[in-house]
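Construct the entire structure; sequences and hints are all you get.
There are 2 protein chains.
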Amino acid sequence: MAKDKKLVEAITSMEEDFAQWYTDVVRKAELIDYSSVKGCMILRPAGYAIWENIQHELDRRFKETGVENVYLPLFIPESLLEKEKDHVEGFAPEVAWVTYGGLNQLPERLCVRPTSETLFCDFYKNIIQSYRDLPKVYNQWCSVVRWEKETRPFLRSREFLWQEGHTAHATAEEAEQRTVQMLNVYADFCEEVLAMPVVRGQKTEKEKFAGAEATYTIEALMHDGKALQSGTSHNFGNGFAKAFGIQYTDKDNKLQYVYQTSWGMTTRLIGAIIMVHGDDSGLVLPPRIAPVQAMVIPIQQQKDGVLDTAKEVCERIGKVCRAKLDDSDKSPGWKFSEQEMRGIPVRIELGPKDIAAGKCVAVRRDTREKIEIALDELEAKLPELLEQIQKDMFARAKAHRDAHIWDAHNYEEFTTIANEKPGFIRAMWCGDQACEDKIKEDLAVTSRCMPFNDQEHISDVCVCCGKPAHKLVYWGKAY
Amino acid sequence: MAKDKKLVEAITSMEEDFAQWYTDVVRKAELIDYSSVKGCMILRPAGYAIWENIQHELDRRFKETGVENVYLPLFIPESLLEKEKDHVEGFAPEVAWVTYGGLNQLPERLCVRPTSETLFCDFYKNIIQSYRDLPKVYNQWCSVVRWEKETRPFLRSREFLWQEGHTAHATAEEAEQRTVQMLNVYADFCEEVLAMPVVRGQKTEKEKFAGAEATYTIEALMHDGKALQSGTSHNFGNGFAKAFGIQYTDKDNKLQYVYQTSWGMTTRLIGAIIMVHGDDSGLVLPPRIAPVQAMVIPIQQQKDGVLDTAKEVCERIGKVCRAKLDDSDKSPGWKFSEQEMRGIPVRIELGPKDIAAGKCVAVRRDTREKIEIALDELEAKLPELLEQIQKDMFARAKAHRDAHIWDAHNYEEFTTIANEKPGFIRAMWCGDQACEDKIKEDLAVTSRCMPFNDQEHISDVCVCCGKPAHKLVYWGKAY
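Heads up: the protein sequence lines correspond to chains L and X, in order. For the record, in the first sequence the residue sitting at position 30 is 30 according to the UniProt record's numbering, with numbers rising by one throughout. For the record, in the second sequence the residue sitting at position 428 is 428 according to the UniProt record's numbering, with numbers rising by one throughout.
Everything labelled a hint here was simulated from the structure, so no lab data went into it. Keep in mind the model is a prediction, meaning the values are calculated, not measured. Take the hints with a grain of salt, since some may be wrong.
The list cannot tell twin chains apart, which means a pair is met if one copy fits it or any two copies do.
Derived lysine-lysine pairs resembling DSSO-like cross-links, with alpha carbons at most 27 Å apart [what the hints assert, rightly or not]: (1) Lys-38 <-> Lys-85; (2) Lys-63 <-> Lys-324; (3) Lys-324 <-> Lys-391.
In C-alpha cells form, the structure reads like this:
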C-alpha cells in the first residue's frame, strides 16, 4: 500500500496552502496539462468531459428559451473592434494580434476574438431589416483569447472555452427581460447541476462590462472564502446599435435602433466546482456533472467469478447512470485513491464475500459513508443515492457559504472582517466609485454585486465615506 | 403568388451555372453569411444546426471506438511547428501568425493552428512513459486556420470547423489498424447518414498529407461530376515520434518510439451535402442530418381550428421526428418555397378540408411526391417515410455516381473523357509522379485515390507513359 499513500500524500492540504492544493488537484486528477504555449492549458479527457457535460446541459437549457447556435469568425479586423469606444478601451490592451497571413503582411491587423460583440453587430447589421427579423437570439460555443499576464488553470488563461450569447431586440424592455432571463438560467444551472449556490445581482459601474449599460452577475463563494464571478449577462441598451448602425423598420414603418444583450459562461466553472466541493483527497464532483458517476472496483479480482460479476454489475448499472469498471491490474487501494482523486461520486466495491452474500458496498465520495446494497437492488438504489449526494452537496456548500457572509456597519468592522474573516461582506454603499477605489486600495476587496433578492437596509450610511447610502453591496476578495 | 415565384427565380439553375447555383443555395437557404473578415464565413443557424448534427453523430461513433475528447491550444510556437521537416514545409506558407500580445511584441511568433499534430506530439511526449499509457486515442472539435488565397463557402475558407483525431500506439500494426478503422467510420457515416456514396482508397505520394507515411481518403462525386475529398486518415509511422522524442518503455523494459495516426472531417461536408443532393429549388437534406425533418404548413390558417390542429399535429409528430410548425403570416406558397429552399425532407400540408377528412398531405422534398396520410397514422407513417427518403436519396446519389465512372485504357481515351465526360476516370498508373504531374498539367485532373475495394487490372500499362502498371487509380477534377 506504499504506492497508494504516495498518491494521496502528493497533494498539499487545503488548510496548509489552498492555492497549491488547487494546482495539485488540477494536475493529479488529470484535468489539465500545461502546454508549450505560455498561459494556455491543455484540457485532458477528464477535464474536457466535465466541459462536455456543462455544454450539453447549458445548451439544452438555452434552446428551451429559443436560443439558436451560430459560428462567427475567430478574427476581428482592428477597425471593427474600434467602432464602440468603451469596448475597444476595455479589450484592446489584452488581445493577440495577427499581422501576417502566410508570407504576407496583412493590410490590416486582425485581433483574435476576446469576445464577439463587434462581429455580432456587424452580422446583425446585415441580417436585420424589419421588425419581423427580431428578436435574434444567437449563441456560439468557441474559444476566446485574452493576453493575461498572470494565469491559473481554468481561472485565468490566455485562451479559454466559453459560450457567448448575443441577442437583438425591438425594445429596451425585451432586452432587459432577456438579460435577466439568462442570468437566471445561469444561476439555476449552477445551483441545480453544479450544486453551487450563487448570489444574483448587478455589478457597479466600475465593475461592469466594457460597453454595457448594465452587467448582471452570479457570484459564488469558494472554500477558502474568496468569491468567483461565475457568469455574467449584459444589457447594452442601443449603444452598440448606434455605433454599428443596426436599425429596423417597425410596424409603423419607422426606423428604430435595436436593443442588445450578451451573456457568457466559461471553463472557469470547472475551477469553481473544484474549489467549492474539493477536499484533501482531491476532486469531488456533483453527480449531475460527473462524467463517471459510479466506478465499479473489484476486490481480489483474480478470484473466480469476481471480474465477471463486476462486469455484469457495471453493465446493469450502466443503464441507470454513467458507470465504469476499473479492471486494471492495480491494487484496490490504489484504485480507491484514484477514484477519490478524480471525484467520482460513488464507488462500488465488490469482492468474493460480497458476491457470495449477493451484495456490494457503495462508498460515497463526498461523505465516505459506506452503504451495503443488495446486488439486485442496485438499479433502483443507485440513482436515488446519486440524487441524495447531489442534494447534500448543495446543502453543504450553501451552509458553508451562509456561514461566511458577514455584515459590516462601519469601516472599522469592514476592515476587521476583510482582514480576519474570509467570505462575503455585506455593507451599504453610497454609489460613489471613490469609495470602491479606496476599499480596493486599502483591503484588496472589490464590490462583487448589488444583490437582487436580499436588498436589506442594514445601515443608513456608506460603510466607507459615511454619506447617505441606499444600496447593499456584497464585497469580497475575488479570483 | 408573385412573391413565391421571385424566391425561386432568384436561384440560378444547376445546368446553367453550377458554381453560381451553389453560391445561391448557400445564401438563400441561409446557411452562411459573409463576414468583414476576408475569406471567413459566418455559419448561420440553419448551417450550424447541420454541423451540430454531424458532430453529434460522428462523436457518438468515435466514442464507440474508444475515442476521448480533449482540447489543445489554438496557438503553436514557431519552433514547435518546425520540428517535423515535411510537416512545416507543407503548412508554413499558409498559416496566420500572431506577433503581438496586447501592446508587446512576442519573443517568438505563434501560428494559429492549421492542424495540431505538433501540439499533440508535444503533449504525448509529456504523458506517455510506459506501455500502460498506450494507446492514446484523443480527438478535438475546434476551428483551424489556413490562409487560402481563393475561398468558397464550406469548401475552402480561411477558418473552418473540424474534428482532428490524434492517436499514439505501441506498434505499427495497431496504428495502421486505427488509420483504416477511422476511414471506415467516416465512410459509413457518409453513406448511412449523409446518403453520400464514397470511394475508399489511398492517396498517392504526391497527394498525401505533409509528414504522413500513408494517407487514406474517401472521395465523393458531386452532381457536376467533380470529386470532393470528404475525409482523410493518416498513418505517420514513427516519424513524428522520432522528431519529437515520444518514447515508451515496453514490457521488456526497452525504450520504443510510438506509432501515430491522425484523421479529420470538416464543415466541407456541408458543401458535399449541397452538391450531391441539391436541385434547382435549393437544398435537399437527407432526413438523418436534417435539423428539421418535417415542416407543418397550415392552409387557410385563419379559419377556425386549422392552427390549433396544426399545432397539435406538430406536437404529436415532434415525438417521432424533428418537427416544426410554420405559423407565420406568409402565404402557404411562400412557405412551400422556403421549406423547399431549406431542404426540409417532408412538409405536411394541412387545410380545413384535410382536417374535416381526418387526413393531411405529406410532400416529399426529394421527389415532390404527394402522399395522403390519415392524421391518426402520422406517428407510424412519418418515420417510415423519412427512412424511405433516406434510402432513396442514397440510391439516387449512387446511381448518379456510378453512371459517371469511366474507364480509360490509353491517353487518348483519358483525354477525351477528361474533356467531355464529367466524373471519375479509372485508369492504370505506373507509380511515377511525373505521370501525375503531366496529367494535372495537361488536363487539370488529379489522382483522387488508389481504391481499396475495386482494384481491377483494366490494362497492363500506365495510361500516361505506357510503362508497366499495376495500380488502378481514380482520377478526377476536384474541389
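Evaluation of the provided hints:
1. Lys-38 <-> Lys-85: Answer is between: at 24 Å across copies they meet the 27 Å cutoff, but 30 Å inside does not.
2. Lys-63 <-> Lys-324: Close across copies (14 Å), not inside one copy (30 Å); limit 27 Å.
3. Lys-324 <-> Lys-391: within (23 Å within a copy, 37 Å between copies)
When each numbered hint is compared with the structure, no violation occurs for any of them.
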